[in-house]
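Visitor: Sequence:
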Amino acid sequence: GGSIYKGRLADIDRFPYMASFQHLKRGLICGAAIIHEKYVLTAGHCVYELNEMNHIVVYGSVWLKDLEREVVAVEKFHPHPEFSPEVYAKNDTSDSGKCGVPLLERLPANDIALIE
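Taking the UniProt record's numbering, the leading residue of the sequence shown gets 1, the next gets one more, and so forth.
Any given hint could be a false lead.
[Stated by the list, open to error] Calculated lysine-lysine pairs in the DSS-like style (CA-CA distance at most 27 Å, straight line):
1. 25 - 38
2. 76 - 38
3. 25 - 76
4. 6 - 38
5. 65 - 76
6. 25 - 65
7. 6 - 65
No lab work stands behind these hints, which were simulated from the structure alone. The model shown is predicted, which means the values in this text are computed figures rather than measured ones.
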């Protein structure tokens, strides 16, 4: 199934900055974190060889099909310039595996994960 081994249901109030990166028809691709009102961060391999069309970011709920969730269209993918799928396959821990994803609409400011 789609469960995490020994996982527990998360509370959206504890993790309001979490989002999911999805294809409109095929559904969940990867998790993402809201890092700015116009950007989410996801792994580079999640957008590798994809175009922006028909991709969305879903946030505001721990349930993927929740009617209360918020949905925002993806504007563009910005993979790290040093991203390489071959390096990712070797468990790379550098920043090159990340991808910024700007959105077509702004997200509420209180849903942004900030490093203190």
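Visitor: Please go over all the hints and tell whether each is borne out by the structure.
Guide: How the hints compare with the structure:
1. 25 - 38: holds (23 Å)
2. 76 - 38: Holds, at roughly 11 Å.
3. 25 - 76: holds (18 Å)
4. 6 - 38: The given pair, whose Cα atoms are some 33 Å apart, is violated under the 27 Å limit.
5. 65 - 76: Distance ~24 Å between residue 65 and residue 76 Cα, so the pair holds.
6. 25 - 65: Answer holds: residue 25 to residue 65 is near 12 Å, not above 27 Å.
7. 6 - 65: holds (22 Å)
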